[in-house]
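S.K.: Given next are the chains, with one letter for each unit.
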Amino acid sequence: MKNALIIFFLVMPTLAKSQTIDSINVRCLYRLSYVMDTNNISQKAYDTKVLEIGSRSSKYYSYERYLGDSILNEDIEKGVNLAEMMSNKSKYNKDKSSLIVYQNFPQNAMSVTEDIGQIYLYTEEQNPQNWEILADTQTVLGIHCQMAITTFRGRDYTAWFTNKIPSIFGPWKFNGLPGLIIKISDSQNHYSFECIRIDDGHLLPLKSYSKSDFIKTTRKEMRKMLIERFQNPLGSFQANSGGVSVSFENPNLSIPSRPFNPIERTYD
Amino acid sequence: MKKLITALFMTVCVLAASANNNTTIAKAKMETEQKSKKTHSKIIVRVIDVTLSCGIQMSVNFPNSWTTQQIINWVLNADAQLCGGGVGGGA
Chain A
101 MKNALIIFFL VMPTLAKSQT IDSINVRCLY RLSYVMDTNN ISQKAYDTKV LEIGSRSSKY
161 YSYERYLGDS ILNEDIEKGV NLAEMMSNKS KYNKDKSSLI VYQNFPQNAM SVTEDIGQIY
221 LYTEEQNPQN WEILADTQTV LGIHCQMAIT TFRGRDYTAW FTNKIPSIFG PWKFNGLPGL
281 IIKISDSQNH YSFECIRIDD GHLLPLKSYS KSDFIKTTRK EMRKMLIERF QNPLGSFQAN
341 SGGVSVSFEN PNLSIPSRPF NPIERTYD
Chain B
61 MKKLITALFM TVCVLAASAN NNTTIAKAKM ETEQKSKKTH SKIIVRVIDV TLSCGIQMSV
121 NFPNSWTTQQ IINWVLNADA QLCGGGVGGG A
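From first to last, the protein sequence lines stand for chains A and B.
The opening residue of the first sequence carries number 101 in our numbering; numbering runs sequentially from there.
The opening residue of the second sequence carries number 61 in our numbering; numbering runs sequentially from there.
In case anyone wonders, no lab produced these hints; they're calculated from the structure.
Treat each hint with caution, since some may be false.
Unchecked claim - Some chain A residues close to chain B (C-beta under 10 Å, calculated; not the full set):
| # | residue |
| --- | --- |
| 1 | Tyr134 |
| 2 | Leu221 |
| 3 | Thr258 |
| 4 | Pro278 |
| 5 | Leu326 |
| 6 | Ser345 |
| 7 | Glu364 |
Stated by the list, open to error - So, partial list: chain A residues that the calculated Cβ filter (under 8 Å) puts toward chain B:
| # | residue |
| --- | --- |
| 8 | Met186 |
| 9 | Lys189 |
| 10 | Gly342 |
| 11 | Glu349 |
| 12 | Ile355 |
As the list claims (entries may be wrong) - To be clear about the criterion: a stretch of chain A counts as covered by chain B if any three or more of its residues have a C-beta under 8 Å from a C-beta of chain B, and this derived list gives those stretches:
| # | segment |
| --- | --- |
| 13 | 229-235 |
| 14 | 247-256 |
| 15 | 356-363 |
For every residue, glycine included, the Cβ atom is placed at its ideal position computed from N, Cα and C.
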């Protein structure tokens, strides 16, 4: 009994951390460009995304957010002052999404986490898009690619994929093609993912989230919260303050709504 | 047996407390003012005066259990949300 208790206390901290769910075979970097405001489509925002592909699952996240988190951990170890820490992290995190998508984790499901003041987690079914593979070809990143089209949650997409890298997992929630997606964009070019680098994953661990860190929600609820975030920034901020009490210097503070152009237009 | 559990529990508490001290922001020098206060329930909270990039000023009470990472993430989220900033539109 004594031994069991000691083992429990020794193992407990590791249980709370992220778990390895697969080994990374291939790691791809994508350049995501997107339109925030449909009234100003010439102004685009950018992010660099990582897609880690294992034999069973994949993980998709912002490379710059990851760099920001790594630098913050390093700064904490070095004892850097808070202002500098914040400045260093914001260089990488400014305007970068905290979204992480795990495909086929748990099995036959997709897990999505996003930090919007508090970190939320929802799961949905791992349903492949209904792809139509066409004969057209194009060379992207020096790779011979084939064209495929699909409609997904209110947008029509054209994808260029390669059979040379077999993977049913693609960037974001795209999946179901016989090879890796090298480039994909919607018909209005509001959202475009273009592969900029492919590396061997060296079978490094593909890690999942720590279950204890998240508030469970649904995709529908998440959409509501995101809409609220843009339509009523102050109200949404106060609703998601995570148990932190805030008093504004200006009690009459008001913040106007902002344009929102979500990649998913339908949520049924 | 009781003693063992008590000892283990106390060790966990001490470790947790020292972890908080290691990541304490009280020593940090920055433009925001920092102070600690005890509430009536003896829970220590950290009060930080924050000025966001768009000039919004607020006083924030963070639970003492929060790590530096949590506080920084919270402030950066607040800045993105209240001062405007992309969140990727869900991508």
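S.K.: So, for every hint listed, does it hold in this structure?
M.R.: Against the structure, the hints come out as follows:
no. : hint    : result
1   : Tyr134  : 6 Å, holds
2   : Leu221  : 15 Å, violated
3   : Thr258  : 16 Å, violated
4   : Pro278  : 23 Å, violated
5   : Leu326  : 6 Å, holds
6   : Ser345  : 5 Å, holds
7   : Glu364  : 6 Å, holds
8   : Met186  : 6 Å, holds
9   : Lys189  : 6 Å, holds
10  : Gly342  : 7 Å, holds
11  : Glu349  : 4 Å, holds
12  : Ile355  : 6 Å, holds
13  : 229-235 : violated (count 0)
14  : 247-256 : violated (count 0)
15  : 356-363 : holds (count 5)
Of the hints listed earlier, those the structure fails to meet are numbers 2, 3, 4, 13 and 14, in rising order.
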